[in-house]
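Trainee: Start from the sequences and build out the full structure, keeping to the hints where you can.
In the working numbering, the protein residues as written are 112 to 576.
Source of the hints: derived by calculation from the structure; they are not laboratory data.
Honestly, I wouldn't trust all of these hints.
Keeping only pairs whose Cα atoms sit at most 30 Å apart, straight-line, the calculated DSS-like set for lysine-lysine is [what the hints assert, rightly or not]:
(1) 375 to 416
(2) 315 to 375
(3) 315 to 201
(4) 274 to 456
(5) 452 to 561
(6) 315 to 280
(7) 201 to 213
(8) 561 to 416
(9) 570 to 416
(10) 459 to 280
(11) 271 to 568
(12) 271 to 416
(13) 561 to 375
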Amino acid sequence: MRENEYKEILSALLGLLNEGVHIVAGQGTSIFYNSVMARMEQMEPADVVGRRFEDAFSHMDLESSTIYRALQAGASTVNQPQRYINASGKYIHTINTTIPVKDADGKLLAVIEVANDVTQLSELCDRLAHLQSQVGTQETSKKQKLKRYHFSDLIGRDPKFQKSMERAKRAAQNDMPVLIYGETGTGKELFAQSIHYGGTRSGKPFIAQNCAALPSNLLEGLLFGTAKGGFTGAVDRAGLFELANHGTLLLDELNSMPYELQSKLLRVLQESYIRRVGGSEDIPVDVRVITTVNEDPVDLIRQGKLRQDLYYRLSVVTLNIPPLRERRGDIPYLAQALIEKHHAKMGKRLSELPRDVLRQLMEYDYPGNVRELENILIQAMFMMDGDSGFTTELLDLPAPGKAVDRRGTDFQAGESLQDYIERIEEETIRTMFDRCRGNVSQCATCLHMKRQTLQHKLKKYGILY
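Mentor: Listed below in structure tokens is the structure:
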């Protein structure tokens, strides 16, 4: 049998495969390119076979090509996911196995690549993820409808707290943007909900989104929506601005929003319309925006975490929620309200807290603020034996004075700013982790941190759990 007959048989055999096959000779010239691969990459075999690989595929990022890496370094890859643009400009998803073929002396003879087109499967997965997110949004919306806070739920007699509440009540009577700042756990979302449900938009949607909960590439689509055909796998989906139309949108932890996305938010606030990601239509929206930050906004501007022009747009009304350590006189009222909120659900009978318990609670500094106070009380009630009463022994607090000792927060000689920040972070996490008795979920809640983030930091600082 002649050599050319062997080639014809081999070509016919490879042509029967459902996978794309591309063979490139060791010197870089393509010698075989089947119809399946041609259909995936939108190339004609005549434009590939006989040409150097980098010339035929000049439109591709060669550094990410498994064939190119095999030609350059003799590297083989097995079941390697790839996402790249074909000749028609469309993104395709493939799983490639690329094998360099060498002779007995190690000389590269050829590179063989077999590719499975999984573009449709990838798009189906994206659509499934979208459907799941829709279900999650609906469930979140249901929960938000059930969990509403009003000004009557805000507890505090401290003059600073009362001043903030009076400003919030005035803000509820108009549609001006509101910027709320305060430490983690001070109750910023309670203020935001009270403003919404105490105002003229109370019968319209209230939607909250934590800007730190999603990566920037997903946050933009979530806020402004996506347009079908705008990118591979994109579907028509309303964003949070559209869902909150005529109502209120709370953007929590705005300082976690990427700087470049803040400029797009500013444009929406100025022009009152949004444009979905990948779309060309301007969609008018009527949304009151309330934002929260957990640091002083002036410091955030100085650090480059908050755009100054956006700050001026959002801070028509500003509310500063004082930390619990600055309003210790409110602790007895808060503690009593929290006990009444939880004791029945936990099967405990409590009328009021003893004075020695209140005195000890008032001596603690609460880095996690009201949220931490609530957590401490829940833990204590959990440890109660029947109706034996609430005693100081049930409180897992540091000795008086230790919590407010600030000596460890001073800079140490030769310490960089980054070292200082990490040291304070480690001390805070260790203290809170001990207080939560090694319960990761409770510690994450007190620190207003995602559980996965806390687990990463526990490993980073060598804290066993």
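Trainee: A separate judgement is required for each hint: does it hold in the structure or not?
Mentor: Right, here's what the structure says about each hint:
| no. | hint | result |
| --- | --- | --- |
| 1 | 375 to 416 | holds, 15 Å |
| 2 | 315 to 375 | holds, 24 Å |
| 3 | 315 to 201 | violated, 41 Å |
| 4 | 274 to 456 | violated, 33 Å |
| 5 | 452 to 561 | holds, 25 Å |
| 6 | 315 to 280 | holds, 18 Å |
| 7 | 201 to 213 | violated, 34 Å |
| 8 | 561 to 416 | holds, 20 Å |
| 9 | 570 to 416 | holds, 27 Å |
| 10 | 459 to 280 | violated, 35 Å |
| 11 | 271 to 568 | violated, 34 Å |
| 12 | 271 to 416 | holds, 27 Å |
| 13 | 561 to 375 | holds, 26 Å |
In this structure, the hints that do not hold are numbers 3, 4, 7, 10, 11, in rising order.
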